[in-house]
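Visitor: Sequence:
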Amino acid sequence: MENQEHPFVFEDGDVRAKAKHGEQIITFKLSSHALCFASPVWRKFVFPPFPLLSPIRNEEEQNSKKACAIPEESFPDIELNFTEDNPEALLILLQIAHLKFSNVPSQLPYQVLYHIAILCDQ
Numbered sequence: 531m532e533n534q535e536h537p538f539v540f541e542d543g544d545v546r547a548k549a550k551h552g553e554q555i556i557t558f559k560l561s562s563h564a565l566c567f568a569s570p571v572w573r574k575f576v577f578p579p580f581p582l583l584s585p586i587r588n589e590e591e592q593n594s595k596k597a598c599a600i601p602e603e604s605f606p607d608i609e610l611n612f613t614e615d616n617p618e619a620l621l622i623l624l625q626i627a628h629l630k631f632s633n634v635p636s637q638l639p640y641q642v643l644y645h646i647a648i649l650c651d652q
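Sequential numbering from 531 applies to the sequence shown in our numbering.
Calculated directly from the structure, the hints in this document are not laboratory data. Worth double-checking, as some hints may not be accurate.
Computed list of lysine-lysine pairs in DSS-like fashion (alpha-carbon distance at most 25 Å, straight line) [as the list claims (entries may be wrong)]:
hint, residue 1, residue 2
1, 574, 559
2, 574, 630
3, 550, 574
4, 548, 559
5, 630, 559
6, 574, 548
7, 548, 630
8, 630, 550
Quick list of simulated restraints, FRET-style, between CB atoms [stated by the list, open to error]:
hint, residue 1, residue 2, range
9, 635, 580, 32 to 42 Å
10, 644, 580, 27 to 37 Å
11, 537, 575, 13 to 23 Å
Quick reminder that beta carbons are idealized off the backbone N, C-alpha and C, glycines included.
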């Protein structure tokens, strides 16, 4: 699943994510704790504020279109999709969120700053 040939490598990841790297879509792992501390928006993606729904498995109610809440202990795997976001700006934000400041450039071109601002405003 993880390809070490890309810069989207974060230790102790427990949340799957995908993003563009070059012309490919890559899958990697992120730390849910880092995401939650960095952004309330990312926190809602990782831990949705609404109960997750699952179809009822009860045989007598198979024909009904009801759903029931999934217990918290069986929290499903979540995959965050960043494929629509600018990969260079996303990588910088994720490095900051994961406290990898030594990987963050000290100077950035205007276009990269612009794309970082767009991501922060979402």
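Visitor: Which hints, by number, does the structure contradict?
Guide: none
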